[in-house]
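Top line first, the protein sequences correspond to chains X and Y.
Per our numbering, the first sequence starts with residue 86, numbered consecutively.
Per our numbering, the second sequence starts with residue 18, numbered consecutively.
Don't read these hints as lab results, they were simulated from the structure.
The reader is advised that the hints may include incorrect statements.
[As the list claims (entries may be wrong)] Within a straight-line C-alpha distance of at most 35 Å, the following computed DSBU-like cross-link-like pairs (lysine-lysine) qualify:
1) Lys-164/X / Lys-357/Y
2) Lys-174/X / Lys-160/Y
3) Lys-174/X / Lys-128/Y
4) Lys-174/X / Lys-121/Y
5) Lys-128/Y / Lys-357/Y
6) Lys-258/Y / Lys-88/X
7) Lys-164/X / Lys-274/Y
8) Lys-121/Y / Lys-318/Y
9) Lys-164/X / Lys-121/Y
10) Lys-333/Y / Lys-164/X
11) Lys-164/X / Lys-128/Y
12) Lys-318/Y / Lys-88/X
13) Lys-164/X / Lys-69/Y
14) Lys-128/Y / Lys-333/Y
15) Lys-342/Y / Lys-121/Y
16) Lys-342/Y / Lys-174/X
17) Lys-318/Y / Lys-174/X
18) Lys-174/X / Lys-69/Y
19) Lys-164/X / Lys-342/Y
20) Lys-164/X / Lys-258/Y
[Claimed, not checked] Distance windows between CB atoms, simulated:
21) Asp-131/Y / Ala-97/X: 52 to 62 Å
22) Asp-229/Y / Thr-90/X: 18 to 28 Å
23) Ala-97/X / Gly-226/Y: 26 to 36 Å
24) Asp-155/Y / Thr-90/X: 44 to 54 Å
25) Ser-107/X / Glu-170/Y: 47 to 57 Å
26) Lys-296/Y / Thr-90/X: 43 to 53 Å
27) Pro-302/Y / Glu-100/X: 53 to 63 Å
28) Leu-344/Y / Ser-107/X: 42 to 52 Å
29) Ile-145/X / Asn-300/Y: 29 to 39 Å
30) Ser-98/X / Pro-146/Y: 32 to 42 Å
31) Lys-164/X / Lys-198/Y: 25 to 35 Å
[What the hints assert, rightly or not] Calculated Cβ distances over 12 Å to all of chain Y for the following chain X residues:
32) Lys-88
33) Thr-90
34) Gly-96
35) Ala-128
36) Gln-151
37) Val-163
38) Lys-174
It should be emphasised that the depicted structure is a prediction, and the values quoted were computed from it without experimental measurement.
Even glycine gets a Cβ: it sits at the ideal position worked out from N, Cα and C.
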Amino acid sequence: MVKITYVDSHGASREVEAEEGSTVMESAIRNSVPEIVAECGGACACATCHVYVGEEFTDIVGRPSQMEEDMLDFAYEVKPNSRLSCQIKVRPELDGLTVTTPPQQG
Amino acid sequence: MNDVIETDVLIVGAGPIGLFAVFELGLLDIRAHLVDILPKAGGQCSELYPEKPIYDIPGFPIVTGQGLVENLEKQIEPFHPTFHFGEMVESLTPTCVDGGPRFKITTDNGKTFDVKSVMIAAGGGSFQPKRPPIAGIDAYEGKSVFYAVRKMEEYRGRDIVIVGGGDSALDWTLNLQPIAKRLTLVHRRDDFRAAPHSVNAMRELVGAGNMDLIIGQTSKLTGADGQLSSVTIKTNDGTEKEVACDRLIPFFGLTMKLGPVANWGLNLHENLVPVDTEKFETNVPGIFAVGDINHYPGKLKLILSGFHEAALAAQKVHRYVYPDKKLTFQYTTSSTSLQKKLGVA
């Protein structure tokens with residue numbers, strides 16, 4: 086299990102044990118973490134699972150794919166550390182990851 | 018006073034299920050017209066995931082969204098359906114004649130249909146432009162913020178700002194630049210989804226000083242009484258640029274809304290239309306709902322489910338359209354009459 090901390094737009098944090106092979110979005114939904122909407126269910130077709138990746142992990146998490154960049158065009162206040170959480174696969178290397186959600190999804 | 022289009026069935030929505038419904042109806046000699054708000058057929062498949070592979074269409078280990086739509090369009094060609102694109106159905110009035118169902122349906126483009134049955138294949142709802150996440154934008158909508166360009170002339174001599182990186186944004190940039198006082202294109206990154214030739218044409222205009230390109234995100238709108246005077250763009254290095262603007266056209270994608278179908282007197286269950294599982298008819302005889310828009314115990318929002326639902330609904334539609342004809346079940350593999358309709362016999 087991989088520890089992921091979700092920080093909401095008010096600063097409240099929730100720590101979750103995420104399953105390897107699932108996505109950061111799925112782990113949020115399964116654990117009732119707020120502010121991740123995932124309208125399209127993880128198909129990279131809506132931009133409502135947008136998160137800011139914690140500084141220490143941006144290199145490990147990596148850059149968005151072309152398809153994800155296209156969808157990020159529709160997200161709210163995109164920053165260099167923005168990712169769509171449905172495209173981040175949970176791996177052991179992400180243990181200790183912190184993601185913050187924006188005040189608005191789409 | 019506009020002409021009334023008389024046909025057997027009106028299909029609301031030209032996505033994969035609406036398209037396949039034409040086939041099932043056509044085998045039974047039932048004519049259909051389709052109405053869709055998009056400028057093309059294919060619904061979510063061609064609008065949201067044309068390039069993405071689908072793995073669960075029976076008979077296709079892998080097929081793209083657009084590939085599936087093209088196959089369906091080919092499959093229904095023998096039945097020559099009539100499409101009405103860029104329109105949304107509005108009102109529905111039952112006009113019961115001879116005891117059988119009959120409906121008058123109007124669209125937002127002034128068309129009227131007179132039909133014996135309606136098949137609602139609206140999927141997730143009508144695609145409508147998505148409102149961008151910019152504070153206070155709703156105050157300017159319809160006055161100086163527009164999500165679609167209807168009359169180009171209204172943009173002549175204006176300070177236009179277009180936001181977006183896809184074909185809609187680039188096409189309108191190229192169309193409006195020649196008549197604008199000044200046109201600025203704003204995009205989050207210096208990489209565009211639009212067709213390369215459009216992007217090249219835009220870059221040439223920027224290079225020649227005939228329009229501006231700002232890489233950044235719109236952070237603030239300034240204006241009064243619905244009329245914009247400027248927009249502020251935050252570039253990726255944190256600096257803010259204020260651009261004179263009296264017309265803002267943001268292209269932020271599309272979202273789905275059920276729309277006027279919600280006012281047709283149908284029982285609704287959380288924006289879905291309940292139907293029976295024998296003929297997928299709603300609580301109003303003659304109105305059917307197939308695909309993602311319907312609901313019944315065990316419903317799965319799968320394309321293959323919608324195909325099945327359309328096939329069964331067509332059987333009941335036949336009884337409304339041809340009340341005196343007997344419906345004999347036939348196979349396309351063995352029936353010469355079906356094969357003749359398909360143009361293969």
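A quick look at each hint next to the structure:
1. At most 35 Å may separate the alpha-carbon atoms for a hinted pair to count; Lys-164/X and Lys-357/Y exceed this at roughly 59 Å.
2. Taken as a hint, the Lys-174/X and Lys-160/Y pair is broken in the structure, with Cα atoms around 44 Å apart against an allowance of 35 Å.
3. At most 35 Å may separate the alpha-carbon atoms for a hinted pair to count; Lys-174/X and Lys-128/Y exceed this at roughly 49 Å.
4. A threshold of 35 Å between alpha carbons decides the hint, and for Lys-174/X with Lys-121/Y the separation of about 51 Å lies outside it, so the pair is violated.
5. A C-alpha spacing of about 33 Å is found between Lys-128/Y and Lys-357/Y, which places the hinted pair at or below 35 Å, so the restraint holds.
6. For the hint pairing Lys-258/Y with Lys-88/X, the CA-to-CA distance comes to about 41 Å; that exceeds 35 Å, so the pair is violated.
7. Under the criterion of a C-alpha separation no larger than 35 Å, the hint pairing Lys-164/X with Lys-274/Y is consistent with the structure, at around 29 Å.
8. The straight-line distance between the Cα atoms of Lys-121/Y and Lys-318/Y is roughly 29 Å, inside the 35 Å bound, and the hint therefore holds.
9. Our distance criterion of 35 Å between C-alpha atoms is broken by Lys-164/X and Lys-121/Y, whose separation comes to about 51 Å.
10. Restraint check: the Cα-Cα separation between Lys-333/Y and Lys-164/X comes to about 54 Å, which exceeds 35 Å; the hinted pair is violated.
11. For the proposed pair Lys-164/X and Lys-128/Y, the alpha carbon gap of about 46 Å is over 35 Å, so the pair is violated.
12. Simply put, Lys-318/Y and Lys-88/X have alpha-carbon atoms about 33 Å apart, close enough for the 35 Å limit, and the pair holds.
13. For the proposed pair Lys-164/X and Lys-69/Y, the alpha carbon gap of about 26 Å is at most 35 Å, so the pair holds.
14. As the CA atoms of Lys-128/Y and Lys-333/Y are separated by approximately 26 Å, the hinted pair is consistent with the 35 Å bound.
15. For a cut-off of 35 Å, the pair hint linking Lys-342/Y to Lys-121/Y stands: about 24 Å separates their Cα positions.
16. For the proposed pair Lys-342/Y and Lys-174/X, the alpha carbon gap of about 58 Å is over 35 Å, so the pair is violated.
17. Of the supplied pair hints, the one linking Lys-318/Y and Lys-174/X holds, its CA atoms being roughly 25 Å apart against a limit of 35 Å.
18. Proximity of Lys-174/X to Lys-69/Y is assessed by CA-CA distance (about 19 Å); at most 35 Å being required, the pair is judged to hold.
19. For the given pair, Lys-164/X sits about 64 Å from Lys-342/Y by alpha-carbon distance, which is inconsistent with the 35 Å threshold.
20. Distance restraint check for Lys-164/X and Lys-258/Y: the Cα-Cα separation of roughly 17 Å lies within the 35 Å cut-off, and the hinted pair is therefore satisfied.
21. Checked against the hint of 52 to 62 Å, the C-beta distance between Asp-131/Y and Ala-97/X comes to roughly 58 Å, which is consistent with it.
22. About 41 Å separates the C-beta atoms of Asp-229/Y and Thr-90/X, a value inconsistent with the hinted range of 18 to 28 Å.
23. As the Cβ distance of Ala-97/X to Gly-226/Y is approximately 50 Å, the hint placing it in 26 to 36 Å is violated.
24. Checked against the given bound of 44 to 54 Å, the beta carbons of Asp-155/Y and Thr-90/X, roughly 35 Å apart, lie outside it.
25. Range check, Ser-107/X to Glu-170/Y: Cβ separation about 53 Å, and the 47 to 57 Å hint holds.
26. Between Lys-296/Y and Thr-90/X the beta carbons are some 52 Å apart, a value that agrees with the proposed interval 43 to 53 Å.
27. Hint check: Pro-302/Y to Glu-100/X, Cβ distance near 55 Å, so the stated range 53 to 63 Å holds.
28. In this structure the supplied range 42 to 52 Å holds for Leu-344/Y paired with Ser-107/X, their Cβ-Cβ distance being about 49 Å.
29. With their beta carbons about 55 Å apart, Ile-145/X and Asn-300/Y fall outside the hinted range of 29 to 39 Å.
30. Judged by the Cβ atoms, the range 32 to 42 Å given for Ser-98/X and Pro-146/Y holds: they are separated by roughly 35 Å.
31. About 33 Å separates the C-beta atoms of Lys-164/X and Lys-198/Y, a value consistent with the hinted range of 25 to 35 Å.
32. With 12 Å as the threshold on Cβ separation, the claim that Lys-88/X sits away from chain Y holds: the shortest Cβ distance comes to roughly 30 Å.
33. Even its closest Cβ contact with chain Y, about 25 Å, leaves Thr-90/X beyond 12 Å, as expected for a residue assigned away from the interface.
34. Interface exclusion of Gly-96/X from chain Y stands, the closest Cβ pair being 20 Å apart, more than 12 Å.
35. The beta carbon of Ala-128/X sits about 7 Å from the closest Cβ of chain Y, which is not more than 12 Å, so the claim that it is off the interface is violated.
36. The claim that Gln-151/X is not at the interface with chain Y is violated, since a C-beta of that chain comes within 12 Å of its own (minimum 8 Å).
37. Distance to chain Y contradicts Val-163/X as a non-interface residue, since its nearest Cβ pair spans about 6 Å, not more than 12 Å.
38. Every Cβ of chain Y is farther than 12 Å from the Cβ of Lys-174/X; the closest lies at roughly 18 Å, confirming the non-interface assignment.
In this structure, the earlier hints numbered 1, 2, 3, 4, 6, 9, 10, 11, 16, 19, 22, 23, 24, 29, 35, 36, 37 are contradicted, and the remaining ones agree with it.
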